[in-house]
Structures are given as structure tokens and as C-alpha cells.
Amino acid sequence: MQEKNLTYDGTFDGFLSAVFHVFEHKTGHVNIQNEFAAQNELFSDNETIITEESKANRVWKGLKAKLSTHGRCQLYYAFLSEQSGIENTLLDYIQYAFSRDRAVDKDYSHPSILKVAQMAKMVGREKHRMEAFVRFRLTKDHIYFANIEPDFNVLPLIQKHFKRRYADQKWVIYDIKRRYGLFYDLDKVDIVNMNFPVGFDFTKTDSDYFTEQEFEFQKLWQDYFKSTNIASRKNMKLHIRHVPKRYWKYLSEKQPN
Amino acid sequence: MSFQRTQEKLKILADAAKYDVSCSSSGSKRANINKGLGDATGMGICHSYTEDGRCVSLLKILLTNYCIFDCAYCVTRKSNDIKRAAFKVQEVVDLTINFYRRNYIEGLFLSSGIFKSADYTMERLVAVAKKLRLEENFNGYIHLKSIPGASDELMREAGLYADRLSVNIEIPTTSGLKRLAPDKKREDFIKPMVKVKNEIIQYKAEKKIIKSTPKYAPAGQSTQMIIGASGENDFQIMQTSNHFYKNFNLKRVYYSGYVPISYDDRLPKIGSDVPMLRENRLYQTDWLMRFYGFDISEILNRHHQNLDLDIDPKLSWALRNLHEFPVDINMADKRMLARIPGLGMKSVHKIINARRFRRLNWEHLKKIGVALNRAQYFIICNSNQFERRDLTSEKIKGFILQNSTSKYRKSLSNQLSLFG
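For the protein sequence lines, the chains are A and B, in the order given.
Using the UniProt record's numbering, you'd call the opening residue of the first sequence number 1 and step up by one each time.
Using the UniProt record's numbering, you'd call the opening residue of the second sequence number 1 and step up by one each time.
Now the in silico label distances, taken between C-beta atoms and shown as ranges:
#	chain 1	residue 1	chain 2	residue 2	range
1	B	233	A	142	54 to 60 Å
2	B	134	A	96	50 to 56 Å
3	B	182	A	142	50 to 56 Å
4	B	186	A	168	40 to 46 Å
5	B	33	A	209	29 to 35 Å
6	B	188	A	179	57 to 63 Å
7	A	142	B	187	48 to 54 Å
8	A	180	B	190	52 to 58 Å
9	A	231	B	188	30 to 36 Å
10	A	248	B	187	44 to 50 Å
11	B	233	A	179	57 to 63 Å
One-sided and incomplete, this derived list gives chain B residues near chain A with beta-carbon spacing under 10 Å:
#	residue
12	45
13	47
14	60
15	355
16	361
Honestly, the hints are just simulated from the structure, not real lab data.
Glycine included, every Cβ here is placed at the ideal spot set by N, Cα and C.
From just these sequences and the hints, can you work out the full model?
Okay, structure coming up:
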């Protein structure tokens, strides 16, 4: 049978609309793909899915009756991994869930369930890493600014954490890879697109943009980081496992002096 | 705040505090309800890791490293010729707040050398915490040291501002303490611990009746022992640890491999190795005790006074108790699953859930993440393949060691490596 390609807009609602489409048309052999990553073969059967919140909500509500909160959460986490083909694994999971009477989210010996659980775990780890590795720098207009480059799209997941924690300071967390950020204005968090001056270097703290005090505290933090190390217990392998090198770029304590 | 002076002090007082291994920032329930700064609910976060692989979650510093005591194992002992410094209360507050705002840390871990008297020192520690909470609206994590010999009144106040209190007993046995710290008495350590324990119980009871009762040290108490400084065996260490867990409701006991810092001939020489592997085995034992349902006497007892260094304590227990195995993965209860070498609590949990849907075989177990190289000798599952040979403990141990690569292999090998 020929495979049918469903292309959606990359949003979670878009993906759920595609799932709705599959159920509505009882489509058999299907491949759901993000429009940014779509690879359609010539003569293949393609259809573009229009995102409809009402359809997405129906699927999501239906899943609520079939899965635990934890199970639904894992679906969302795995979706944010943006891994190629993850949509089809999620679809398989959802179809399996709807075909059973009892919640299947703990059926870890089912390949799609295990895969989703494992992806969700990886995304969860990345979320936790970003909660750890965000380094705010105080700008001259009194906003605490941080830039990150996470492996997965975790900004939607870390928003609540930072809002609760830094309730009394304005802050921005900007995802360089995905080109959007979160801005907290002491009241609510908004998604923002930002323009940066030409030649703006995210790894450097430039005195044109950041306060004088910022340099002092970065220095103090670097000193502290060095002093609190016990040289006779040195274990670089463990160090790198906990702080993988790809994150060093934006960690002030790992900057060369 | 004068940058250069603070910088100098921070270097000295962070360096002096680093031998305290406690880094936990979890277990508190201090929510940000006043739109202030910080939040200490849920799990702790390790914001960075030093090159020795230890986590950095708190700004860990001493208020001062001036000290009237002369404990042989301690780097800030009176007789040691080192640079001394002391922070002002406001300096610590500023550092904490500014580090916290930049998401460097989860909070403050404040300890101190003892200057003038126990009460004088404790008063200053409490003053820092009080200022952070009341003036700066700070809801992050605060861990204060209980100074041995501090008055009950001060300990009560400390718990109202701190999330965790700890007092390090450092030397596992009373005789060892007498030898290395003759001017300290075990009772001085115990007294604040008892006070805090009782206050926690009392505040909790009151909170059940009156909702508005303030929190008292919501993340509990912990302590630390130095390993390998005073000649105790593992049995003695874990007995002491068990005693403190049971009688003082401690949240954690930390084990700190002694880092040689003194030419005192009562102690290991400078340059000798830090017992990191032993420390690791003690932590594993601690976990078996707290999360895996083991009684300490099953792992360490009069006949078995030291942990094996080449294999982990659970495997070691299993090899001494082969009559308990093999365990059927699809039938066994949680308690027994947790006792299988190569299975952590996460795998146990996954197995219990997954086997409700179908009987599990080797392939399932492998995918779930069970360390089959160890587990295979101890289990049967939905497969007609399993270990049928009647292997002795030595044989099993040999097979497992052959097929595993320990990160500690170098320190374990006592073979002569010629031409290396």
C-alpha cells in the first residue's frame, strides 16, 4: 500500500490535528512530518494538515481518559525532542492507547511506549540541565539576560520554573538555535523574537550592553568555582559527564580568563 | 562592597569550606509566595560541577576560618599556618543574592570556624540567615552549620530561617575523636542535634493543629564523617551511621574520604591517596540501607567487617547468599527484586509495571535497562535460557569481573605491570 504523507506546521496542536485526521479518515499507512523537515517523494500521496485547536483539543481530551497525567506529559516531552520520525512513534503510541481499555503508559515492554518514555527522559534531562546551566547577566537596562542552545526545544518546559524562582527581577532566556526567547516583565512570561546588533557575540560579555557590576560577579563566581575544587580528587571524566563540553560555551565559570 | 577585598576573602573562605561534602539543596518546601526572590520547592539543582566531579549547588563558604580549636584533621585548626579571613554579615548576604540572581546557585551553605565562643559564632550565622529571609525576601535554600556547644535558644532561632542544619561528627568513634581532637567532646556534637530533632518533631505536630505555624528546618538535619583518617573499619562507620539515621532522624549522612592536609603523624601522610573507592562503596551501602530495604547487619557484621572494593556491596551480599537465588522476574515481590545485583530501583519499578501486560524475557529486561552482565546469574524470566550450571560464588564473581570494566580498575589492580 502506498504511504500517505501528512505535513503539519511543527506545533504540538498541529501534530494533534494530524492525529485527528488519521482517526477521522481511518488512514492506514501514514507518515506524519514537520513541514520544516518534510521530504516528499515524487508521486507520493501528500496532504497538508491545517492546525485546528478544536481538533487538537479533542485528541488531547480523549487521551486524558486513556492515559495517566504522567503518560500525557511524556507524550508532550517526547514531541519536544524534535527527533526525526518521533511523530510516527507518538502516533503508534496513541493508536495503541485508544485501542485498549486500560492505561498503557506503563507498558514498558511495548516498543513505542518504551521509546517515548526514553525520549521523554532525555528531554526531561535537557530541561533540568537548562534549569541548571542558564547563566543570567545583568544588562544596562536592568534585565537579567541568558542565552542557551539546548539539544531539544525545552523553553516551554522551563518557563514555569524560572517565573516562580525569579519573581522579582525582569529576565530573558533566549534560545539561539530556535531563535525565540522568553521574557518575564515582573508579571507574566511572553514568547519574544529578538533582534541583536550586528556582530553580537553570545559568548562574550560586552561592556556596551552589560553593567560594570556584572564583570565583578562573574569574576567572583569564577574564583569561587576554582577555590571550591579539591585538586587531589581531580576527575575530569566525571566532570565532563556532568557538564558536557557542548554546554561550556555559555557557562561563565568555564570561560578562559 | 570593595571588590578586591571580597575577592580575596572569597578565595580563602571557599577554599576552607570545600572539605564539607554536603551539597544537597532538595527536600525543602519553601515556596516563593511573597513575589520575592527564589524558590526552594521540589528537587535541588546542581548548577555546575568542579573538576573533581563534585556538584556545585550552594555557595559553600566559611564565615571565618579563625578557630580556637586544634583538631588534627581540620585545615583551619589553630596551629595551622594559613591565611585567615572573616566575612562581614552584609558581604555574605550580597554574594548570596547576586549569585542567586544569576542562577549560579540554589542558595547558601554557611559554616564557620569557632571564634571567641560557640554562641558568638552561632549568633553570626543566624544573623546572616535572618537578614536574607527578612530583609531580602529570599526563599532560596539555606544550610547552616550547628556549632557544637551553641545554646538551645540559638538553635531554635537557626531552624526558623534555615532549611537544613547540620553538625559534623567527623570522626566515627569516640576513641578516634579523643585522639585527634582532644578538646572536643562527642556530647557537644550531640546536644544541638537533639535540640533540632526535638524542635522538628514539635513544630510538625503543631503545624497539624495550627496551619500558620512557621516551618522549622524543613529539609532536616545531616552530618558527615571523615573516612580513612582514624583507622575505623567499614562496620564501625556504618554502625555509627545507622545509629544516627535511626536515633536522630537524619536526612543524610555524608562520607568524606580524608584528603591529607597535615604533617601530623597521627594522620595519613600528605600525598597519600584519597580513599575514593572506599567512599563510593560506603555510599552504596548507605543507599542499600535507606532505599533497598537492607538491614545493615546483612551487609556488614562481625564476620564481614569491611566492604569488598572490587565488587559492589549488593553483589557481595548476593554471592554470600546464593540460596536466595535465582529470582523469577515475573513473580518476585518488590523486596526481592531490589536485592538482585544489576537492578536499581528504577528498573524494579519498570519491571513491576511492565509485567502486568506480558511476561518479560531477556530482550525486555535489556531494553528496560537492567545490567544483565551481573543480573543474569541471579534471575530467571520468560525464556528457557538461563544459567543452569551450578556455579560457585567465586566462579560468578570471576565471570562478572572479566566482563566488566571498572573505572577503578587501575587502583584495584595489584598485579605488577611490567614493561608498562
